[in-house]
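Each chain is listed here by its residues.
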Amino acid sequence: MKRLVTFTVNGEMQKVTVEPYRSLLDVLRNEVGLTGTKKGCDVGDCSACTVILNGQPVNSCLVLGVEADGMVIETIEGLAQKMEDGYALHPLQKNFLKYGAAQCGFCTPGMIMAAKALLDGNPHPTEAEVRFAIAGNICRCTGFAKIVEAILRTNVDG
Amino acid sequence: MHKTYAVVGSSPTKIDGIEKVTGSATYGADYNWPGTLYGRIKRSPYAHAQVVSIDTTKALVLDGVNAVLTFKDVPRAKHAGLPAPRAGSLAVDQNVLTDKARFVGDGIAAVAAVSEEIAEVALDLIEIEYELLPLVLDITEATKPGAPHIHGTEKNEVMPPVVVERGDVAAEFAKADHIVEGTYTTGRPIHCYMEPNVCVCKFDQNGKLTIWSSTQTPFSVRQSISEVLSIPLHKIQVIVEHMGGGFGAKQDLYQHEYVCVLLARKTGRPVKMEYSRKETFLATRTRHPVTVRLKHGLKKDGTLTAREGTYISDSGGYGSHGPGVTAVGTINLTSLYQCSENWKLEGRSVYTNAPVAGAYRGFGAVQGFFALDVQMDEMAEVVGMDPVAFRLKNAVGEGDPSPSGHPLHGYSLAKCLQRGAEEMNWAAKWQQPEVKSGFVRTGLGVGTEMHSSGAYPDIKEISGAILKMNEDGSVNLLTGVADLGTGALTAMAQIAAEELGIYFEDIIVIAGDTDVAPYDIGAYASRTTHIGGKAVQKAATKLKQKLLTLAAERLETPISDLDIHNGKIIEQGKPALSVQDLVKGDGGTPASAIISEVTHESKVAYSFAAHFAEVEVDTETGQIEVKQVVAVHEVGKIINQKGVEGQIEGGIQQGLGHSITEDLILDPETGQPLNPSFVDYKMPLSMDMPSIKTIILEEEPDPGGPFGAKGVGEDPIIAIGPAIANAVSNAIGVRIRDLPITPERVLEAMEEKRLADL
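Protein chains in written order, with our numbering: chain A, 780 to 937; chain B, 1293 to 2050.
It cannot be assumed that every hint is accurate.
As the list claims (entries may be wrong) - With a Cα cut of at most 20 angstroms, we get these calculated EDC-like pairs of lysine to aspartate or glutamate:
1) Lys873/A <-> Glu1311/B
2) Lys781/A <-> Asp1355/B
3) Lys1570/B <-> Asp824/A
4) Lys1985/B <-> Glu928/A
5) Lys1707/B <-> Asp1692/B
6) Lys2045/B <-> Glu1912/B
Derived from the structure by calculation, the hints contain no laboratory data.
Please construct the entire structure, taking both the sequences and the accompanying hints into account.
Encoded structure:
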């Protein structure tokens, strides 16, 4: 029996009706229509579905849609600032482009959100801290070298 | 002489980069059509079983179920998962849906329903009675008389053996100063691309079928669907906007692609079929586990005089690329290190009831060169030579035969070895294992490889390119090349821009649509830059000629005085006219008439690599940590610097996993995979990667490639394995011959040595 759920996604309020067994990942991708967050395994093993929920990075496949009622959600779609003609990319997005950190791109939204969650709390992490923050994000293309470089060089103050 | 390039060799932002970092890139599962149904496949829980009866009545009447198919409702002709021209390197033994399961996960039936949940419930309602058949999981057991028949082939072999012979191996062995032999085995790693296989199918009112598939080979999808399901080719359009990794597995069609089309046709609705992550472990492809027996004869001075070997691959329940992988793995052993042109090699592929093995980055070379490179270390030990010096003595170079039979050019392998040894400070750092002590021991090892840029001569290599001038001086580049994330499309744009003399940003790449793109055989065999890129370069040369001809008329100047640079026509070294002004069409030929097209057929070129690995082995726990890798690659010409580095770094990640932790483990009684999930199948992640120093050499540009470029996609995954194995052997003083090098294997090896030394 569907339930009404209200939450904020990327600054906008969303009201959707969902079955109680639906994951937040499925709700974001289907009911809210934001397909940027990816489903890599659906069981919490790969972190491709990382979003920021009330300030914490979570695997959205492990959160029920109904659990997120009343919460604040940030997804990859909310990072770039919409301008009149195009977008102003978030520094993390700029650096992922600059340092070649995205190959197939499937892990990229989750990876960037995990990195954002790190930088939100720790703007100048060490390499070890970066690797730890993305330890659960599986990437099978890049070997992580350029991902780590892109995150390390992102100075959110500058 | 050093040529300066405008955009080739640098790292402009990937043309599809912004979509990927903003989440707006559309992958197969992101397509949502109104009325879409969800398809799921009912899979056998048994590794070898005959379906005795199947009853779909309950599933059919479930609310929300639109269609149910069983093996009785689908075409019965066997296919290879790829279209006919590829059949030479594939086995034609697969079923759209089967009545005989040959591995755990083989698809028997399928449903389409209004939601994935209802589809799952419907699968459970399909009642199947199985007769369990004896199963076999060992390649030696499978070839014995009395072994269970998997496909009814003789000795359960997938194809007749591959045999290559030259010279007189027996005579050389008889007079050799030393004989070294050994048996080497590799495990069963799996691709684990981040995007699970997915397919969306939709028929329109004209009966035209559009397939959005996560595929490396859109033209193969079109052709195979046409052949197997008897749909006219021109009624099928395959679209790939973005796909999330493939590494070889996604060059094949799986049951879900054929079933998806059939369900869409039967229901008249769009159908989406997404593999679960578990299904990607069970029912896609693995790498072939291979047992290599290798034997060399050599002189006291270290010259190899003869090589004999057998290469036997475990194909799993179906043949797939078994013939091709086995042929490549076997024939590769005629090269890399010379053996005085005396060789006797035999390759076989055997069916078992394991998950199906197929194409995986490295395609047989990973296993064969692992064996060769480890035995090179063993032989160096026997003659008392340093492993690098021994390799330099026997490394193939100018004039030596390559695996394709063509003579090689230059001395790339030697240069990679020398450069890497220098960077790693090998001469000073490498030590005999005997001097090592302590619980944690350091080891240094080297691994090498060579790989073709393209699959010639096994496959006819062909790529096309079309360049279409726009009125504003920009160019549409239509290419059949597929980009799995490698950055291939960006490289194509760089090549076109460089050759034409216009800005990289003014090249608009159109790809991933079989209705529009020129035919291309697909992204595999490290071919896209070398072959797809050459087609682009040739098309650009033609287009440039047309532009210069037009400019010569307009400027009333001989064409020999003209060139194009930065989007401007240059007359005797000075900008005379912008390309846009030339083509914009007032008073001259309209821009839209300026088109060039090229179909390019290729021979083959070889890239080389040498990897140097430093490892630490904990002799109490058996755990291995790879601390540092120096990776030297010779690629002819870099088109995109970060693209090449990315392939090397990513290939090392996968190869590292295959060498120490990755293995799909099967229950020996039932054939059931025991670790079909990311949590139990251990891949190296951010915390596990060594520091990697990549050195890219451009010593031997190949004229068959764009600006001399050769491939690089597969090389890194091949060289890293023996580098790590040899490093571990160097650390603990025991020869490692089997992958993956698990802690158990390290401890067993050390225990065997301890007992032998008593």
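A quick look at each hint next to the structure:
1. Lys873/A <-> Glu1311/B: 12 angstroms, holds
2. Lys781/A <-> Asp1355/B: Distance ~18 angstroms between Lys781/A and Asp1355/B Cα, so the pair holds.
3. Lys1570/B <-> Asp824/A: 11 angstroms, holds
4. Lys1985/B <-> Glu928/A: 14 angstroms, holds
5. Lys1707/B <-> Asp1692/B: 16 angstroms, holds
6. Lys2045/B <-> Glu1912/B: Holds, because 15 angstroms separates the two Cα atoms, which is no more than 20 angstroms.
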